[in-house]
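Turn these sequences into a full structure, and let the hints guide you.
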Amino acid sequence: MTFFHTFKTSLVGLKTHRLRSSLTILGVVIGITSIIAVVSIGQGAQSLILGQVAGLGSNTIAVIPGRQPQGPSGFVELFSNSLKESDLAALQRKENVPTLKRIMPVVFGAESAYYGGETYRATIFGASDLITQVFDIFPEKGSFFTDDDIRSRADVIVIGSKVKDELFGESDALGERLKIKGKNFRVIGVLSKKGQVSFFNFDEMAIVPYTTAQQYIFGIKHFHRFIVQAENEAAVSRTVRDIQVTLREMHGIDDPAKDDFFVETPADLMARLSTITNILTIFLASIAAISLVVGGIGIMNIMLVSVTERTREIGLRKALGATRRDILRQFLVEAIMLTGVGGFIGIIFGVLISMAASLALSLYLSVSWSFSFPISAALTGLAVSCAVGLIFGIYPARKAASLSPIEALRYE
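According to the numbering used here, the sequence shown is numbered sequentially starting from 1.
None of the hints are false.
In silico SDA-like cross-links for lysine to any residue, where the CA-CA straight-line distance does not exceed 20 Å: (1) Lys221 x Phe108; (2) Lys399 x Arg317; (3) Lys141 x Ser171; (4) Lys179 x Asp149; (5) Lys141 x Leu130; (6) Lys193 x Thr132; (7) Lys399 x Gly315; (8) Lys94 x Val263; (9) Lys101 x Leu130; (10) Lys194 x Phe138; (11) Lys84 x Asn96; (12) Lys183 x Arg151; (13) Lys101 x Glu85.
Just so you know, these hints were derived from the structure itself, not from any lab.
Computed from a prediction, not measured in an experiment: that's the story for all the values here.
What follows is the structure in structure tokens.
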């Protein structure tokens, strides 16, 4: 019997029981759909996160207090007060870090802002006037604070577009005073609608001089970050080494393993985040793949039922000259066709769900969440679904092939 004839015979057998065939492949469809959706959304999340990191610029370096986290429990080490004013002064000296272009100390946290009868919980960002150059943000109305404002701990504030809308509505916020932690701040600037820049949503942010934030809002004398820009991308490695050497000298550290700070570049962060998102995607896809096994067991059960129902047909075909190999191949082809069709339908559903999820996330989160079609996952899913059909179809096919033609013809 030719393969074409086997294929045609298998197709007729499946068409005879269309509803049963459709219900049989449901587990495979769900499994492949889940895998495609999980991998696609995972790739979209990875692209978004890495895009946010890239938004900092390739020559941007973050100096973070505490020891670098090595696991979930390691994040406790981030809550450290190891970065002080003396460290900032040391890093600003050209002889210590010759390739440093600019450095901005940062403190941040969430606090409620009040104006009239309105309240909005904003992200308070204490920074220097270099923030405009580091993040490429500029006020739509008004201006940013100056070095003099920083030195005098001025009670001035620049607010994001959403903060302005929530607190002031359609009225002009410039010159008005809002209250944070019991202190009045004069609005001197309103940012244009900017959205997400790196990991910060500047529409929901209120920016004040870092000295003001330290004294009047957070009540601290240390910094949460130093954001450093090297002269160029080629100078990043040297800048990192100079920062480490300078801070170790300032903190009296001889052993790098005892550092109470760590330095992170966009390349380091992108590599770490890529690893994390890939592991999560694989983990979730593996969980989704369990339904493929369930679908395979369902196919084996249905194929066993089919063998029982078609016992006389098998006996007749054997009596007319069909070999054991012909019967075996027919039932294997039927199982593979079931799972193959299920895999193809699952890919289509997975793509549609992923596209809808990407659109919904973009609208709901107000971010540029791109749809990504995981070609490798689709091909792998299709191959795995066919393999499931082959594996779980072997036993029913062998059972059918081993039937005695005489006994099969007598079967009622």
